[in-house]
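Q: Going down the list, the protein sequences come from chains A and B. Read in the numbering used here, the first sequence has 10 at position 10, and its numbers run on one by one without any break. Read in the numbering used here, the second sequence has 5 at position 5, and its numbers run on one by one without any break.
None of these hints come from the bench; they were simulated from the model. Among these hints, one or two may not hold up.
[To be verified] Within a straight-line C-alpha distance of at most 20 Å, the following computed EDC-like cross-link-like pairs (lysine to aspartate or glutamate) qualify:
hint, chain 1, residue 1, chain 2, residue 2
1, B, Lys192, A, Asp88
2, A, Lys134, A, Glu119
3, B, Lys451, B, Asp466
4, B, Lys407, A, Asp181
5, B, Lys407, A, Asp88
6, B, Lys407, A, Asp172
7, B, Lys235, A, Asp90
8, B, Lys330, B, Asp355
9, B, Lys235, A, Asp88
10, B, Lys407, A, Glu205
11, A, Lys134, B, Asp349
12, A, Lys134, B, Glu326
13, B, Lys388, B, Glu326
14, B, Lys98, A, Asp208
15, A, Lys187, A, Asp208
16, B, Lys192, B, Glu104
17, B, Lys419, B, Glu406
18, A, Lys135, B, Glu234
19, B, Lys328, B, Asp355
20, A, Lys123, B, Asp426
21, B, Lys472, B, Asp441
22, A, Lys214, A, Asp199
23, A, Lys209, A, Glu185
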Amino acid sequence: MVSSDYAIQVRNLTVSYGPKPALLDVSFMIQKGELVGIIGPNGAGKSTLMKAMLGFVKRDIGEVLVFGKPVEQTRGMIAYVPQRGTVDWDFPVTVADVAMMGRYGHLGWWRNPSKADVEIVDKCLEMVRMSDFKKRQIGQLSGGQQQRVFMARALAQGAQILLLDEPFAGVDAATESAILDVLAEAKKAGITLVVVHHDLATASEYFDKLLLVKQRLYAAGPPDLVFRQELLSEVYEGRLKVFTDLLKG
Amino acid sequence: MDTLYTLFIDPLTKIYFLKALAGGSIVAIVCAVTGCLVILQRMAFLGDALSHAMIAGVGAGYLFMKLVFGVEAAAGAMLVGSLISAFITVFMIGFVAKVSRIKEDASIGIMYTGVFAAGVVLVSVFGKYIHIDLMHFIMGDILGISDFDMVVSAIVSAAVLSVIILFFRYFKITSFDPVMAASIGIPVLLFKYVFTGCVSLIVVSAVSMVGVILVVGLLITPAATAYLLTDRLEKMMALAALFGFTSILGGLYLSVWLNSAGGGAVMLFATLQFLAVLMLAPRYGLLADWQRRRNMVPQQVIEDIIASMFKSAKPVADTDITKYVEMKPKMMRNAMKYLIEEGLASGTDMYELTDKGRTEALRLKKAHRVWETYLHYMGVPDSELHEKAHVLEHYNDLESIDYIYEKMGYPDTDPHGAKIPPVYSDGSFCLTALYGFSDKDVEIVSVDTDKDVAVGDIVRIIHTDDGWSVQKDGGTIDLTDSEVESMTVRFLS
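The shape of chain A in the complex, shown without the other chains (with noise of 0.2 Å):
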């Protein structure tokens, strides 16, 4: 099933909502097992590009290959954490309900939940420290829990590739630090990871490689490579005095 080196290869990829291109011509690979950032400003199209990646946006032209097959043709291998905000939190449905979701894509259409899945749900919620509110309602966790509770989710679908929208939006230091071990832990495992991530003061520090988007690709590589004065400036324009600091720092 596994029939390439790159996780993830997108080429050429051009996505159009309106009249203007929200993603122009941006074309990447994601090598097995990296830990890989995309950055950018707000409405750079990180979101669009996430959206493309699993196959959820027309595309105007270009393709976007996982594990070296048409993403179409994928169904499952990738596993997508939401933003914390896209769901409705008063869905009565339960931690364990939700973790549980991660393994629909796994039963029959009439089988219910084998006791193995239960395992696996216990053990992904586990590795996400939430293992002591498994009956407690979703809306009733707080941001960080919530998110990681979708995290355990995205784990329990055992996909080898993750796709994580803003995990560390607005989460307490608890979480981001829960969230890290996660993903250092997922990394062991070889799971791919990709990250959409609008802190650029904590982003050289999470990633191997980051993506640096603003319609177009505009840098792709080590957080070295990707943190130039010009490169920065260009695509945060007028914002300048917070990445001089940064490089400085």
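Could you slot chain B onto chain A? The hints should help.
A: Frame of chain A; chain B shown alone:
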């Protein structure tokens, strides 16, 4: 006795009442179960739209049969017609929302009024061919339910209920997180259409009983009532079904007693039922919320009480505590009740912290001192440190405190030279932090010694004048101060 008989038993002997009860219950139960998904997907408006759009189909179906076959009021054709018009409406709503910048709610508003209007015009223009009582259509007639309607409702209900039960898991995930559902290959759009189809079917079959206007209530109200009572979708559906049934039962009695329109009475009862639950629901009810607010003792006050009790080191009375922490007597009572319920304190008139309470006190102390250290680093003048840390110590989630502590390089003492208590976020602590805790079993969390004490051991530790002795499996092991300082333990909860 006689009155009771007339009120409750007599209606049950009437065939029209029983028919209404049976037919109404079937429809109401399936409406309620379907309604759970409708409200969770925020589609309530769509239910309204579908019921209105039907009238065009009813008119068209009637007209078609009359003109082509000369059959008057062919119920089957009207039913098929109304389904077709419902589907067309749904399709048009989706189409407009997709191809233009008009959002879905506006699109619903445009399309259903349009189709409804077409129906009204159709019925009035061909008034001499079509003998439809618009009032009947709008109000429904649950007490005069026809055998045909009953059979159709039963079949439709069974079909819809089966679909929802069989695909329950998929409806759940596509309602909750459609993006994730799509990413694991679940045909989200298909389920959306199937579900909309189910809603159309059930709405069409319910209109004949309660009418266009009230059918949305049957779909939404019992489901919403159930939503206030549970946090599991499975339970919500079961409860909604129950409320659907009670709405019909209560509503029918109401209509007999008041001699009112059946549909109206049913929805009135359902609404009253909802309001009652809204008031009384144990978790999400207004009364419970009010009660909670009234009895709530701010966490900050609780923490200040614990800190003051820890300071005094011997049992204290209410009045001793109020010297340090200002509050009304009622709040004091609630606070002590809370502390005792949580196992943080014990006593009746004279209160004392339990071991759990004392570890909590240490946790607060650590937060206070870590914050002081942090503020000191930040250049806050020493004279202001205590006061500022006293406010900040209430931000004391241990994991966050440990994080700051780690970032500062694990200092032993705060800027005043006071020791930062060695308590940690996993609930473990160093024995030197908690002198004289009662004779209790503890679990070793970390230890550094050659002696026969290992992580995970359940032991009893006693502090004597000579040092520390650890009782394990009947034997006793002595530890030095430095070994104890390097060891952390946890109470067995």
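Q: Going straight from one Cα to the other, do Lys328 of chain B and Asp355 of chain B come out at no more than 20 Å?
A: 27 Å, violated
Q: Below or equal to 20 Å on CA atoms is what counts here, so check Lys192 of chain B against Glu104 of chain B.
A: 14 Å, holds
Q: For the pair we were handed, Lys407 of chain B and Asp88 of chain A, check the Cα-Cα distance against 20 Å.
A: Since the Cα atoms of Lys407 of chain B and Asp88 of chain A sit roughly 35 Å apart, the hinted pair is violated (cutoff 20 Å).
Q: Given the hint that Lys472 of chain B pairs with Asp441 of chain B, does the C-alpha gap stay at or below 20 Å?
A: 10 Å, holds
Q: Within a Cα-Cα threshold of 20 Å, do Lys187 of chain A and Asp208 of chain A meet the stated pairing?
A: 11 Å, holds
Q: Does Lys209 of chain A pair with Glu185 of chain A here, judged by a C-alpha cut-off of 20 Å?
A: Since the Cα atoms of Lys209 of chain A and Glu185 of chain A sit roughly 17 Å apart, the hinted pair holds (cutoff 20 Å).
Q: Between Lys407 of chain B and Asp172 of chain A, does the CA-CA distance stay at or below 20 Å?
A: Measuring from Cα to Cα gives roughly 15 Å; hence the hint holds.
Q: Measure nothing beyond the straight line between the CA atoms of Lys419 of chain B and Glu406 of chain B; if it is 20 Å or shorter, mark the hint as holding.
A: 16 Å, holds
Q: Is it true that the CA of Lys235 of chain B sits at most 20 Å from the CA of Asp88 of chain A?
A: 18 Å, holds
Q: Quickly compare the C-alpha distance for Lys134 of chain A and Asp349 of chain B to 20 Å and report which way the hint goes.
A: 38 Å, violated
Q: Measure nothing beyond the straight line between the CA atoms of Lys214 of chain A and Asp199 of chain A; if it is 20 Å or shorter, mark the hint as holding.
A: At roughly 15 Å apart (the allowed maximum being 20 Å), Asp199 of chain A and Lys214 of chain A satisfy the hint.
Q: Check whether the Cα positions of Lys123 of chain A and Asp426 of chain B lie no farther apart than 20 Å.
A: Given that 20 Å is the threshold and the Cα spacing comes to 19 Å, the pair holds.
The earlier numbered hints that this structure contradicts are 5, 8, 11, 12, 14, 19.
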